[in-house]
Structures are given as structure tokens and as C-alpha cells.
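S.K.: Listed below, chain by chain, are the residues.
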Amino acid sequence: MSKSFWKRGEPFVWASGAVLSIVVLFTVVLIGVVVKNGSGVFWPTALVTYELEDGKKALGEFVKREEHSSKKGEFRNQLKIGNRDFYSLDFKWFDDALVKNKKIEKGMLAFERLEYGNFYGLINEVHVPEGEELQGGSLWEQFNAAQELQEPHVHTLEKLEQSIKQVNKKAEKVRLKRLKKVYHGMSEEHAEIVALDAEAAELKSGFKQLMLTFAEAEKVLEGYHIKVSDINGRSKEIELFEIVRAYRPNDMGLGAKIGFYTLKIRELLFDEPRESNTEGGLFPAICGTITLVFLMSLLSFPMGVIAGVYLREYAKDGWMVRLVRIAVNNLAGIPSIVYGVFGLGFFVYGLGAHIDHLFFPERLPTPTYGTGGILWASLTLGLLTVPVVIVATEEAFGAIPRGVREASLAMGATRLQTLMRVLFPMASPGIMTGFILAMARAAGEVAPLMITGVVKLAPALPIDGEAPFFHLKRKFMHLGFHIYDIGFQSPNVEAAKPMVYVTTLLLVLVVLLMTSVAIILRNRMKRKFTIGAF
Amino acid sequence: MRESFMTIGDPVVDCKNVNIYYGTAQAIFDVSIGFARNKVTALIGPSGCGKSTLLRAINRMNDLIGTVNTKGEIVVDGENINHDSVDVIELRRRVGMVFQKSNPFPKSIFENVVYGLRIAGINNKSTLEEICEKSLRGAGLWEEVKDRLNESALGISGGQMQRLCIARAVAVDPEVILMDEPCSALDPRATIKVEDLITELRENFSIIIVTHNMQQAARVSDHTAFLYEGKLIEYGVTDTLFTNPKEKATEDYITGRFG
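As you go down the protein sequences, you meet chains A and B in turn.
Read in our numbering, the first sequence has 1309 at position 385, and its numbers run on one by one without any break.
Read in our numbering, the second sequence has 150 at position 115, and its numbers run on one by one without any break.
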């Protein structure tokens, strides 16, 4: 009886089910934690006022409540009190015993600033330059009016910044041109060099002029400022253009909160980071990650597929092929940092340095390609993922029934025709699976990037509107590295914590997005090319 | 020549002293046989007797197995196909093949039929459509699939698939069609349809069919060759061979005493 029970395999089915459940559970918990912590970060939290036993007050966002580790039954609360310029700490613990009263008061303000993090408090005065009038009654209305008034000036300033950048770029181009000509033996008195020098001088004077205008524009902006004070009345002046956003969380309705949330999400997706990456957007990192994976695919996919096809379809089976196959499989298991070191040594210091010597000798010792960049990083990732693609391709071709191959060959097709017209379409779903695995692996890899070109803050994107549009030598930002950087390298770890969750969530979403596109493609191919059983 | 071997004048395929080896193991021993034009010739014999090997030697499909070595002459249209100078691609266009397990490509029915034309570089739409219809009619499949030519060939029944494979072979207008147990994976009704088709195809093509099914050989073929342990034992007109075998082994086999 019991023997047949074991033989029937019921317990085995249960055990497999249990194992699968555990795996699913882990995944759900992981995604759940990231989503829970990541999605709530931008929801405006109420500003709580604590009246303390010593008569002072504290204002801030409630973070968490926990039991004292030493004193049982006593609790303490953590507030994000902001105002780093006043308190030098963003977060503070308050023991229950020391808090007399907790309340949420209307009218409390939160300012997101370019520097020093958030400010929580009240407005006392609003100032605009002479000659401009402030309409409106309450200080909040005055503040908003002043912001509207300064807007055109901010625009002017931004435009000026752009032109300064342009001039700098031009000057750099002229400098490099001159450097090249001199390097190739042109004398200092040559007409072309003189012309270049004149151009440089002109650019320089233009730059000086721009800087003067810029300083003036800044002065105008300084006229717009407000006087704010914290909950205990300590006051400070803040210039309006330092304020990224001001809001009154305690007065917001649901609609306003949703509006605020979407605004923050937009900032996250399309803006640059601020405050050493703990605030602002992640656009450069998103862009960097996607570009990196894309470039990696361009290298790894064709190479992997071609190598796989050769191994399976053309190479004569022998000890050599077997050796290669073993090598490929082992390659997939090498730690990624090893690839990183190889990339640094071979691509950056080897290939890159040679390119510099051959094509940009005049710029040395400043490296052009001889330093980390998105090209080298994606080549390194390409090497890392090629084995996955090779193995998947081989498996996909191996799974095609021999009959189909024979049918095509018996029709008088050449091997190439058979390959292109019949085998490739049939193997494509399997190859796509390899692509998906490779992409997922590449998007999540950080270690090899850290030594081949990823940076904390990149001055320019690897793709932009400037010819030649793809800037392969540029350094780049990456979501995975961003997590490591703000989570573990930031001076203000506590303040960066929400951003770690948000970045993680975003990375997961980006990977998910890229792989789901591939999965949809694969399923479409599968429907089309799979042999139905009859 | 022993009296149990029939000679064919002007054979379409003429095998002369063919020996085939798998590595060191010999599979075919000194077989000489001529196949008649516009006739159906059945190759029968117990499993492992080498009939498929012999069949696949005629369009050099054995080349695909690296270890196979063919000695002797196989003459198709006056040309020894075992010569190095022979273009295998060209040969396989003249000698079509239908396999035991139907193997349509994962393409539309239309593309399956015109595959041989496409790889030969014919892409004229009206030509392809014309030949497609002609071949499907020839394979008795036209009425069944004419409304879904652009649907996947993997969605039709097993019997239809096999007839589609025949249509595909017919489309390139070969001289000889080799069939390797074409009905062994089909149910009786589909088998009858394919057998009828083979009988019709005889008018335009020379057919060599390997079969395990004695009744089938008797039903469809004009000539029958009996192979045993890699040797050609007896070859003659089907009716004579089945009713009055000259060799003891043939008699034993067709009466079901072994095999």
C-alpha cells in the first residue's frame, strides 16, 4: 500500500510544488518590498509638529516609530526635520517621554532647495526688486506671485548658461585644432595658426562678455528672495531661484497630492539629479543604462549567433569543437569583475591607448579613448554575455528535428539556403530566449562597469542632438551603479535611502520593459514557427 | 545474371555494383539494379536490410552522414552521380524525395509548395501561383487547402501534410521521386489517398518507394526488389514476384515467415 503510494509519485509532485512556491514567494517578496518602499517616496507626507517638554518645537516628516532597544515598552519616533543648514542633521529621534503633544498644523511649508536639502517652516517676508509690485494678500500668495515674476529672469539665465556652454565647446574645438596643427609641424607663425589664435581670442572675449551678462542676470535674481523661519522662529533668507519647489503638504487635498506625485515622477524620469544624486531625476542614468544595453546587444547578439551557428551547423564534431564548447560554457561562469579587469586592460589601456596614439596623438597625455567610456563598457558587457547567446543559439538549432533539415536539402537547397530560409526562423524563438537572458544579465551588471567607464555624475549624455549623436567615448551614468553610489557612498545615507528604493524600482522596471518587449517578440515567433504535433 | 534479376532497358536510375559502408560496416553488398522510367518500383525487405540506405544513395542524402562511403556507379540520366564533379544541388532537384515522417517547413502552405522554386531563384508571382496550384492538384490537395494557402502548413492534418510534402517534391518537376516509407505514419484512410496519388504520379514521374507494408507494395508498384542483409535477392514484376517468387528467402519474407 505505502509502496505504491511512493511509487505513484504524489509526494514528489507536492515537493516540486512546494519548491516552486518558495521561489515564487521570494520573488514576490523582493518585488513587493521594492515596490512598497519605492512607490511611496514621492507621495507628499504631512508635516508633524511635536511640542517638546522643554518648550521647544520640532517640525518634520514622520519617518518611523520603534521600541527602544534598551528600555522595554518605551517608544521613539524618527522625524525628517530637514533644514540641514540649521541643524546639520536631516533626521532626528524623539523619545515619546519628551514629546508633550503631536499635531498637524495647516499652513506648514516644505521647500525643496538646490542646496542643503528640504526646508520645513514658514514664510515671514517676500521681497521683489524695486519697481515690481506684489499683488495678493497672504504670504503664500505673494510667494507664488514672486515666483511668477522671476520666471522670465530665470529663463534668461538658463539661456545664458547654454550660450556659455556653446562658447566653451567652440573654444575647445579651436584649441584641439590648433594642437593638431602644431603637432603636425605647423609653425606658430603660420597663417592658419594665427587665424585660429584670433578665433580663440574672439571666443574668449565673447566668453568674458557673457560672464558679465550672466553676473548681472544673477544680481537681478538675487532681488527675489524670501525670509523664512523654522518652527522655533529661527529665520533665514533664501533666494527664490534656489527653491525648486514649495508646497504645503498639510493643506493638500487628494487631487493636489496626486498632481504633486505625478510631477515628481516626471522629474524622476526626465530631469537631472541634484544634491549629489540624492534628489532630482534619474534621466541620465536611465538613458545610460538603455544605451549601454543597446550597444552591448549590437556587439554580443550577432557575434553570439554566428559563433553558435558555426559550432552547431558547420564545425566538424571533434575534440576541438568539444573543447571550444567547454570553454564557452565556462566563460559564462566567470565572475563579472574579471571581465571588468579584462575590459580595462584590453579595451581601455590596450585598444583605447592605441587609438589615441594613432588618431589623437596631439592630445596626449590627455586620453581620448584611452579612458573608460560607454564603448568600452558595452564591449566588456558584450564579452560577458556572448557565451549566453552562443549556448542558446546552439540549443535552438539542436532542437530542430533532422527531418526539416533533410527535407530542405533534399529539395536541392544549399546549406546556406537551408540555414537562412528554414533553420533560422525555426531557431529564432530559442535565440530570442538567449537574447533575453543576455539583456537581463547585462542590464543588472555593475561590477565590470565600475572600472570601464561608469561615473557618479556624467556631464553629458552618450546620445544627444549634437553630431555625431552617438558619443562612444563619453562616460555615462547607470542605474545599477547609481544604487551602489547613493546607497553606500553618499555622505548622507539616511536622506538617500528613499532614492535607493526608487532607483531599484526603476532598474527593475527598465529591465522588465526591455525583456518584455523581447518576450512578446519571441512568443510571436514561437506561434509562427513551432512544429505542431499531429 | 541470375534469372531472379530482371533487366530494365533504358533505366532512369542504374545502380552498378554499389557497395555502401557505414564507417567499416558494410550495409550494401554489390547491388546492381536498374529502375524503370515512369514506373513505380518498390524496395522491400526486413528492417536493417539496407533499402533506405540504397534509396538515399540515389540523391546522395547519405552524404549528410559523414561516415558513409559509397562505392560503385549510380547512373542517373547517363551521368554517374558518385563522381566528384557532380553538382549535388542539381542532382537533388532532379531526384526528389518524400520522407517517412512528413516534414513541412514552418511556413505557409503556399511557401512550402514553392520552396524548391524559390531556392532555384524563381520569384515570379504568377509562375509560382500557377505551379503551386498545379502541384497541389497533382497531389490531390488543392480542393482541401485552396482557401487557406497562406495559413501555416503546420495546421493541417498528418495525411494532408504528407501529401503537401509530395506536392512540394512534385513542384520542381523532378524525373525521379524517392519515397522512404511515406505512409508508415499515416492512418489507413490517409494511406489510401497517398497510394492513389502514387499511382497517378506514375504517368509523369519515375517513383522508387521503400515500404514495409507488403500489401502496399503489391497495390502500388509495377516492379519489386527484395533486399536481404544488404544484398539484392530478387527483382521482378510485382505480380510475378508476389505470386511466384523464385528465391526461398523472398517467399519466406512475403508469406510473413520472418521480417
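Read the hints as simulated data drawn from the structure, not as lab findings.
It cannot be assumed that every hint is accurate.
Said to hold, decoys possible - Here are the simulated BS3-like cross-link-like pairs (lysine-lysine), alpha carbons at most 30 Å apart as the crow flies: (1) K228/B x K1452/A; (2) K1452/A x K169/B; (3) K1452/A x K1421/A; (4) K1240/A x K181/B; (5) K136/B x K931/A; (6) K1240/A x K228/B; (7) K160/B x K1452/A; (8) K1030/A x K136/B; (9) K1452/A x K181/B; (10) K106/B x K1450/A; (11) K136/B x K1452/A.
What the hints assert, rightly or not - A short, non-exhaustive set of chain A residues, derived as facing chain B with CB atoms under 7 Å: (12) N961; (13) S963; (14) G1327; (15) V1328; (16) A1331; (17) A1334; (18) G1336; (19) A1337; (20) L1340; (21) L1343; (22) M1449; (23) F1453.
Glycine included, C-beta positions come from ideal geometry on N, C-alpha and C.
S.K.: Now, for every hint given, state plainly whether the structure supports it.
M.R.: Status of each hint after checking the structure:
1. The hinted pair formed by K228/B and K1452/A meets the criterion: a straight-line CA distance of about 28 Å does not exceed 30 Å.
2. A distance of roughly 26 Å separates the Cα atoms of K1452/A and K169/B; the hinted pair therefore holds under the 30 Å criterion.
3. A C-alpha spacing of about 47 Å is found between K1452/A and K1421/A, which places the hinted pair above 30 Å, so the restraint is violated.
4. Proposed proximity of K1240/A and K181/B is contradicted: the alpha carbons are some 43 Å apart, above 30 Å.
5. The straight-line distance between the Cα atoms of K136/B and K931/A is roughly 35 Å, outside the 30 Å bound, and the hint therefore fails.
6. Annotation: proposed proximity of K1240/A to K228/B is violated, straight-line Cα distance about 42 Å (limit 30 Å).
7. For a cut-off of 30 Å, the pair hint linking K160/B to K1452/A stands: about 23 Å separates their Cα positions.
8. Proposed proximity of K1030/A and K136/B is contradicted: the alpha carbons are some 80 Å apart, above 30 Å.
9. Restraint check: the Cα-Cα separation between K1452/A and K181/B comes to about 20 Å, which is no more than 30 Å; the hinted pair holds.
10. Note on K106/B and K1450/A: the hinted pairing is violated, with a Cα-Cα distance of about 43 Å set against a maximum of 30 Å.
11. Proximity of K136/B to K1452/A is assessed by CA-CA distance (about 21 Å); at most 30 Å being required, the pair is judged to hold.
12. Against a cut-off of 7 Å between C-beta atoms, the interface hint on N961/A is violated, since the closest Cβ of chain B lies about 46 Å away.
13. Proximity of S963/A to chain B is violated relative to the hint, the smallest CB-CB distance being about 43 Å (cut-off 7 Å).
14. With its C-beta approaching chain B no nearer than about 4 Å, G1327/A sits inside the 7 Å limit, and its interface hint holds.
15. Residue-level restraint check for V1328/A holds (minimum Cβ-Cβ distance to chain B is 5 Å; threshold 7 Å).
16. Hint status for A1331/A: holds, given a least beta-carbon distance of 4 Å to chain B, under 7 Å.
17. Satisfaction of the interface hint for A1334/A is found here, the shortest Cβ-Cβ separation to chain B being roughly 4 Å, below the 7 Å cut-off.
18. For the restraint placing G1336/A at the interface with chain B, the shortest Cβ-Cβ distance is roughly 4 Å, inside the 7 Å limit, so the hint holds.
19. Taking 7 Å as the C-beta contact cut-off toward chain B, the hint placing A1337/A at the interface holds, the least distance being around 5 Å.
20. The interface hint given for L1340/A is broken, as the beta carbon of that residue sits about 10 Å from the closest beta carbon of chain B, more than 7 Å.
21. Evaluation of the L1343/A hint against chain B yields a violated restraint, the C-beta minimum of about 12 Å exceeding 7 Å.
22. The criterion of a C-beta within 7 Å of any C-beta in chain B is not met by M1449/A, whose closest approach is roughly 10 Å, and the hint is violated.
23. This hint holds: F1453/A has a C-beta 4 Å from the nearest C-beta of chain B, less than the 7 Å allowed.
Hints 3, 4, 5, 6, 8, 10, 12, 13, 20, 21 and 22, counting from the list given before, are not met by this structure.
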